[in-house]
Amino acid sequence: MTVASQAAWKRYVPTESRPWDLRCVHHLHRRAGFGADWGQLQRDVKEGPDAAIDRMLGVAELVKSFDVDDSNAEPKVLTTSATDFESLQQLIGDAAVSSGDINRLKAWWFYRMLYSGDPLTERMTLMWHNHFATSNLKVANVAIMKRQNDSLRKHAMGKFGDLLRAVIKDAAMMVWLDAKANRKGKPNENLARELMELFTLGVGHYSETDVKEVARALTGWTVRDGVFEQVASYHDGGTKQILGEQGDFDGDDVLTILLKQEPLAHRIAMRLCEVFFGEDVITDDAIDELASGLRRHDLDIGWAAETILRSEAFFADDNIGNRVLDPIQFMIGPLRALEMLDPPPSTLLLAEWASKLGQDLFYPPNVFGWPGGRSWLTTRTMIGRANYVSALCQGELHRPSSPPDIEALATKHGFLTPKSRAKFVSELLLGHENESGDTEANLRRPASQLG
Amino acid sequence: MKTNRRRFLGQSSAVLLGTLPSLVSRAVVADDRALTDHDGKILVVIQMSGGNDGINTIVPYADEGYAKHRKKLRLPTDRLLKIDDSIGFHPSMRSAADLLEQGKLGIVQGVGYPNPSRSHDTSMAIWHSARVGGEDVLRSHGWLGRTMDAARNQADAPDMILVGDEPQPLAIQSRRSTAVTLSDVTDLRLRVPQSEPSAHSGAATSLTRFVEQTMQNATATANVLERNIEKETDASAKYPSTKLGQRMQTISTMVKSGFQTPIYYAIQDGYDTHAAQLPSHSRLLREFSDATKAFLDDVEASGLSDRVCVMGFSEFGRRVAENNSEGTDHGTAGPVFLAGSQVRSGLIGPTPKLTDLVDGDLRMTTDFRNVYQEVERDWLGCKQGLQTPESASSLMLFDV
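Heads up: the protein sequence lines correspond to chains A and B, in order.
Here the first sequence stands for residues 0 to 450, where the numbers follow numbering that gives the first Met the number 0.
Here the second sequence stands for residues 0 to 399, where the numbers follow numbering that gives the first Met the number 0.
Simulated from the structure, these hints should not be mistaken for lab results.
Remember, predicted model here, so these are calculated numbers, not experimental data.
Please note: incorrect hints may appear among the correct ones.
What the hints assert, rightly or not - DEER-style ranges, computed between Cβ atoms: (1) 206(A) - 203(B): 42 to 50 Å; (2) 10(A) - 203(B): 25 to 33 Å; (3) 151(B) - 269(A): 15 to 23 Å; (4) 191(B) - 139(A): 34 to 42 Å; (5) 317(A) - 389(B): 55 to 63 Å; (6) 229(B) - 206(A): 56 to 64 Å.
Yeah, the Cβ is synthetic: ideal placement off N, Cα and C, and Gly gets one too.
Sequences and hints are given; from them, build the entire structure.
The following block contains the structure:
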């Protein structure tokens, strides 16, 4: 890895004043994944930052898997084989597609987020789902939505160019941004504009003429029978001027031109910092530095994610507990921490809750995606979050109902006195020992909305 | 009364949050900053899906064409609720007639658009998007969505809420505004009643203060909501137990509890009356009228009537001549309803003539985009630059 010159991206090394402790580990799992249980927290405290982050960046720690109940393809019974995750997720995903029921596809993704041995990739997939915000409201096709989701995941930690090509040249995006209506002689600018404004360059880095010219170049890209297709007779083969270049460009040329543009790396760096940093933590200089690194590394998202996760900035005091958890993190965190995954919770129910809390998977609110940050918290969603905590503590997320047994959990991990148990609950859920009260009280604290 | 939320926060701070005066007053200040001239105006859209038979809704009983084209479906003149000496309400629209009498119902007649489509989907998409034309016209966003995009509200509430379990209609889809679906008022009720969150984090960051404040506001709202629901279970507000009635009650509960959402949307399905129309159409119009009246009575009793306007529309009217199944097929223009204390009450716009038809269909007399334009400009107080056809004169839909 290239050593970044900016102080922010300097590698974090534990010191006496900034020791590697439970707080750091709790932060790592909450920010980069979906939280962790006591065993994982303790293991990572013991093994140190390098091993913990290696594991986060790598794949395949213990994966649990379940047999599927045929009626609704929800996981039901625990099996012991770690290798079954892949085949089971495929089974659930395929069943969702053939049912044509988008709720089952949402449940499939929840299954992945709950049980995947690679939570970072799921988080990044969610981030790209937000970046390339495409809604089934318009696409109205479970198979097409799943295919896009598979692409997002496949390239989530790869080269941005591969991600961009895979997502743009795909049925979901063609339907979502009206590529069908974009033909030679009567261009439609929807795809052209969002491609530049939202997916790559950002406002201010292209002109209205560029939008018109890119729309012309993109003519011929369309969708037929649910599949992306290039139709030569719809394509405007004339000369175009795009971002200072001239030629008889087509869609592939447009993507190549966009991938060369300087502002693109900056936009990717911003996106990553939104996910991994709290409010007002990262300076503009640090983002610039990360952007130059991305350019040097051929827009390698994995490189940038690794740089961030190993950095001093990531583990800095002001970055801990300083970000509003998005609904799905808020929901899954306590399920993992309280070891409520065996038997599995109802993934269909979880998807429904996520929608009530404002993060309806496969239905981002519009092409801008979920605005995130403080906007996650409104009157409606706060009431929803409080009700979710109640449902979780009553065991209602499981069918049949299965409330968490915090005493048994504390005993299992060696906390036998009431005082030590209170400390255990606080450390497990909040990453520090300073709060009193039971599970429900802790999950209702403002601090439980942050991570 | 400019904002109910301010008032209710004032009350609730005394009742519920007495221990935390400083945080409450901050919340109120934050609210004030979001206020604009038209803050607080609320539009409730009722979509009458399927194509409402406008001729049997607002009945031109004196038009000789009525008896000529409607044999089995002709409503007897003596049962109509007369509006004037040539037009009357369907007999089951007693509540609407009452609203008219109280000066709270505007009926825009013969509303449609040029070259009307008789496809449910296309015509509904045209009404939703306010973009007239065939299936090849691009319709990514809705007229309300664009209005909200232009308004750029900063309030802590979604811009648009669909109350119901249908997919969100194109009308409320937008480029960047927020639209949410609320299937049931239980989603807004706290399952476990909560007292105010503890305020022990004195040295908190701006973010933790924000979280605490949002929690307090949410708890306060939920408590007001609970009191409203309790009150409603007394006999005071009489909502019909129909689907639309319940949805309107949910909307009123939210409005009364201080939600700042300006647009609510409810769908009433069933107007596609191709066969045996009389009983079902009668039931639908009663449901529509009773729910609208109950809602307006309710908001008026809460002192909010000057903030609320209900708008009812359908994707098209039906053909003038009945078919052979005692029903009607897809037609063109129809009435649009506007209800509320601020609307100009009475019949608005020219009455379409049943003797002057285009291919057996009504000639539209008012373009729906002119209706939208006034709702957007004069009621919601914003301007998206809706493309509207030249209209001879303003409809003047509102008294304000």
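Cross-check of the supplied hints:
In this structure the supplied range 42 to 50 Å holds for residue 206(A) paired with residue 203(B), their Cβ-Cβ distance being about 45 Å. In this structure, residue 10(A) and residue 203(B) meet the distance hint of 25 to 33 Å, their C-beta atoms being roughly 31 Å apart. Residue 151(B) and residue 269(A) have their C-beta atoms about 22 Å apart, which keeps the hinted 15 to 23 Å range intact. Between residue 191(B) and residue 139(A) the beta carbon distance is about 38 Å. The supplied range of 34 to 42 Å therefore holds.
Distance hint check: the CB atoms of residue 317(A) and residue 389(B) are about 59 Å apart, consistent with the given range 55 to 63 Å. A C-beta distance of roughly 59 Å is found between residue 229(B) and residue 206(A), which places it inside the suggested range of 56 to 64 Å.
Comparing the model with each numbered hint stated earlier shows that all of them hold.
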